[in-house]
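Chains S and L, in that order, are what the protein sequence lines are. Under this note's numbering, the first residue of the first sequence carries the number 1, and numbering increases by one thereafter. Under this note's numbering, the first residue of the second sequence carries the number 1, and numbering increases by one thereafter.
Hints may contain errors.
Facing chain L, from chain S, some residues (calculated, C-beta under 7 Å) [stated by the list, open to error]:
#1 Leu125
#2 Glu178
#3 Ser182
#4 Val183
#5 Val184
#6 Leu210
#7 Val226
#8 Met238
#9 Lys251
Covered stretches of chain S, going by a simulated chain L footprint (3 or more residues, C-beta under 8 Å) [to be verified]:
#10 129 to 142
#11 259 to 266
For the record, the hints were derived by calculation from the structure and aren't laboratory data. For every residue, glycine included, the Cβ atom is placed at its ideal position computed from N, Cα and C.
The primary structure of each chain is shown beneath.
Protein chains: 2
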Amino acid sequence: MSKIIVDMMGSDLGCKATLEGVTLFKKEHPDCELVLVGKKEEIGEGTGCRIIEANDVVPMNAGALQVIRMKESSMYKAIQAVNEEKADGVVSAGGTGAFLSGCALILKKIPGITRPALVTQFPTLIEGKKTVLLDCGASTENTPEELVSFGLMGKLYAEAICGAKDPEVYLVANGTEEGKGSVVGKEAYKLMKETKLYNFKGNIESKEVLNGTADVLVADGFTGNVLLKTVEGVAKFMGKNLKKIYKSNLKTKIGYLCVKKEMGGFLKMMDPKQTGGALLCGVNGVAVKAHGNSDGFAFFRTLVLAYELIKANVVEEIKKGVNPSE
Amino acid sequence: MSKIIVDMMGSDLGCKATLEGVTLFKKEHPDCELVLVGKKEEIGEGTGCRIIEANDVVPMNAGALQVIRMKESSMYKAIQAVNEEKADGVVSAGGTGAFLSGCALILKKIPGITRPALVTQFPTLIEGKKTVLLDCGASTENTPEELVSFGLMGKLYAEAICGAKDPEVYLVANGTEEGKGSVVGKEAYKLMKETKLYNFKGNIESKEVLNGTADVLVADGFTGNVLLKTVEGVAKFMGKNLKKIYKSNLKTKIGYLCVKKEMGGFLKMMDPKQTGGALLCGVNGVAVKAHGNSDGFAFFRTLVLAYELIKANVVEEIKKGVNPSE
Numbered sequence: 001m002s003k004i005i006v007d008m009m010g011s012d013l014g015c016k017a018t019l020e021g022v023t024l025f026k027k028e029h030p031d032c033e034l035v036l037v038g039k040k041e042e043i044g045e046g047t048g049c050r051i052i053e054a055n056d057v058v059p060m061n062a063g064a065l066q067v068i069r070m071k072e073s074s075m076y077k078a079i080q081a082v083n084e085e086k087a088d089g090v091v092s093a094g095g096t097g098a099f100l101s102g103c104a105l106i107l108k109k110i111p112g113i114t115r116p117a118l119v120t121q122f123p124t125l126i127e128g129k130k131t132v133l134l135d136c137g138a139s140t141e142n143t144p145e146e147l148v149s150f151g152l153m154g155k156l157y158a159e160a161i162c163g164a165k166d167p168e169v170y171l172v173a174n175g176t177e178e179g180k181g182s183v184v185g186k187e188a189y190k191l192m193k194e195t196k197l198y199n200f201k202g203n204i205e206s207k208e209v210l211n212g213t214a215d216v217l218v219a220d221g222f223t224g225n226v227l228l229k230t231v232e233g234v235a236k237f238m239g240k241n242l243k244k245i246y247k248s249n250l251k252t253k254i255g256y257l258c259v260k261k262e263m264g265g266f267l268k269m270m271d272p273k274q275t276g277g278a279l280l281c282g283v284n285g286v287a288v289k290a291h292g293n294s295d296g297f298a299f300f301r302t303l304v305l306a307y308e309l310i311k312a313n314v315v316e317e318i319k320k321g322v323n324p325s326e
Numbered sequence: 001m002s003k004i005i006v007d008m009m010g011s012d013l014g015c016k017a018t019l020e021g022v023t024l025f026k027k028e029h030p031d032c033e034l035v036l037v038g039k040k041e042e043i044g045e046g047t048g049c050r051i052i053e054a055n056d057v058v059p060m061n062a063g064a065l066q067v068i069r070m071k072e073s074s075m076y077k078a079i080q081a082v083n084e085e086k087a088d089g090v091v092s093a094g095g096t097g098a099f100l101s102g103c104a105l106i107l108k109k110i111p112g113i114t115r116p117a118l119v120t121q122f123p124t125l126i127e128g129k130k131t132v133l134l135d136c137g138a139s140t141e142n143t144p145e146e147l148v149s150f151g152l153m154g155k156l157y158a159e160a161i162c163g164a165k166d167p168e169v170y171l172v173a174n175g176t177e178e179g180k181g182s183v184v185g186k187e188a189y190k191l192m193k194e195t196k197l198y199n200f201k202g203n204i205e206s207k208e209v210l211n212g213t214a215d216v217l218v219a220d221g222f223t224g225n226v227l228l229k230t231v232e233g234v235a236k237f238m239g240k241n242l243k244k245i246y247k248s249n250l251k252t253k254i255g256y257l258c259v260k261k262e263m264g265g266f267l268k269m270m271d272p273k274q275t276g277g278a279l280l281c282g283v284n285g286v287a288v289k290a291h292g293n294s295d296g297f298a299f300f301r302t303l304v305l306a307y308e309l310i311k312a313n314v315v316e317e318i319k320k321g322v323n324p325s326e
């Protein structure tokens, strides 16, 4: 039976959102044990889950080390409980910096990984093919060597989660030729070209990220974060414009009714809430970061993601891939 | 009468695309003089425009200084001709690095500007409001001081071209709080907070770039380039998916007919070809860079953009704004 520890206090919307997410998840996956960490009086008895009491909340903009000092916080106690409870994973909607450093210090990094990375997946133009992006924002800056290891973690993630065979790894750059890229990217390119760890295919421009060319996109945490949030922003912009178009007049309203089913599926695919957060790849445990502004549904989807990552044994696969001799 | 010098040889698609663009433009703007620079036998006599012969082509991936050594190239001669012909501007679809350094060295930078920037505009959710982004890729890395001056050029551009009043300037970052941002961005934030040159509003996340919050988005050239190309990529992805949806079955085909007009206008707005390139802001002259893969229509739109920038007197406005005492 899988066991996930849930930081109930991290979301901007407070316990209401996380509680709703937990309730939705339990209905769908009664076979998975959830242990909830937070204020007992806010969580209540309704979920039927065990509660670990924690009365402090790590502030959203907490410095990377602040969580370590806040030993009574829901985030600290939740991460800690992964070890104590021998759980498979932990989910939090709290601040990224705090969650990253908390997981790295308490769960420990996988040997061989110097810097964990947030990983997410995009849909692409190729039916059924997903593209994996990392780092989506665990770091603000990275070394070339860290980018090289992101490529390896991305490859292992794509194999374990997206069913990719011999995944093609690309570096996000401002042009496709060698010699393009950020200062760090250019150095990483040289190292990745020589690596035997994975199938490095060179640079890719961000206009290609959704067309299914790449299995894995590697970027430093700042660039990856801007890329991910631009995708979200444009998708939202297009969705709002489509709504406006359909509401224009009677004819367009009829037009909407004719495509409602197909359009609904598509807009759902593009909704960041469906994605449900990102895995912090490179630590001992399935540590999943939900959006800070997660509502109940988004938090539910994050729990589902964590559950799927556990089922796919992603952490073990990464450990084995990074340390093949062990 | 406005006069624009046109590098006919820069596009990936060669003279065919630029010729088509020139022909479309001349039909619409017979009052604007175009001087075409390139291979006489390829340009031919059909356009009725004066031709300056140039038989070399600067390679797309040319080093920044290579153009200066290629004195017989169409790009060099075109930029040179702005001075010699007392023209208002120059348009090229050639390599960004070569065009940037050619313009900076031949047209000279506006006093007070250490680094020119490529500027483009986005549509936003607010009807009629455009958001200006710079730098879209003239540089790969920038200093904090350069980002500060991008803010000023962006403000002046937004006033001259987008009709913005007291434009609100934001820094693109991985979070909205002070203390977020790239290493260079954090330093720039401190300087921009103190500036009296424009209305600095702080950090903005890239998921907000199309919602009309900002008049001006400032980013280093690498980040701006990734952002711009992600917008293009997602727009293309959504467009292709919409087409697929409409082609699904008879009902969806009817659905398409009901929204054809409104949808056409929207997809047109999102088409990068409509935007027609980006102004290289900060040099003496309207220097407009077209996409390297411009087809005839995209090149036409670039010529229209150059024409509009000339009519709006954007270079004089920037000169005055940067050096108010002169």
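Hints, one by one, checked against the model:
1. Leu125: Holds. Min distance 6 Å.
2. Glu178: With a minimum Cβ separation of about 9 Å from chain L (threshold 7 Å), the hint on Glu178(S) is violated.
3. Ser182: holds, 5 Å
4. Val183: Result: holds, 6 Å to nearest chain L Cβ.
5. Val184: violated, 10 Å
6. Leu210: Result: holds, 4 Å to nearest chain L Cβ.
7. Val226: Because about 5 Å separates Val226(S) from the closest Cβ in chain L, which is inside the 7 Å limit, the hint holds.
8. Met238: The hint holds - Met238(S) has a Cβ within 7 Å of chain L, the shortest such distance being about 5 Å.
9. Lys251: At about 5 Å, which falls below the 7 Å cut-off, the nearest Cβ of chain L leaves the hint on Lys251(S) intact, so it holds.
10. 129 to 142: holds (count 3)
11. 259 to 266: Holds: 4 residues of the segment 259 to 266 of chain S have a Cβ under 8 Å from chain L.
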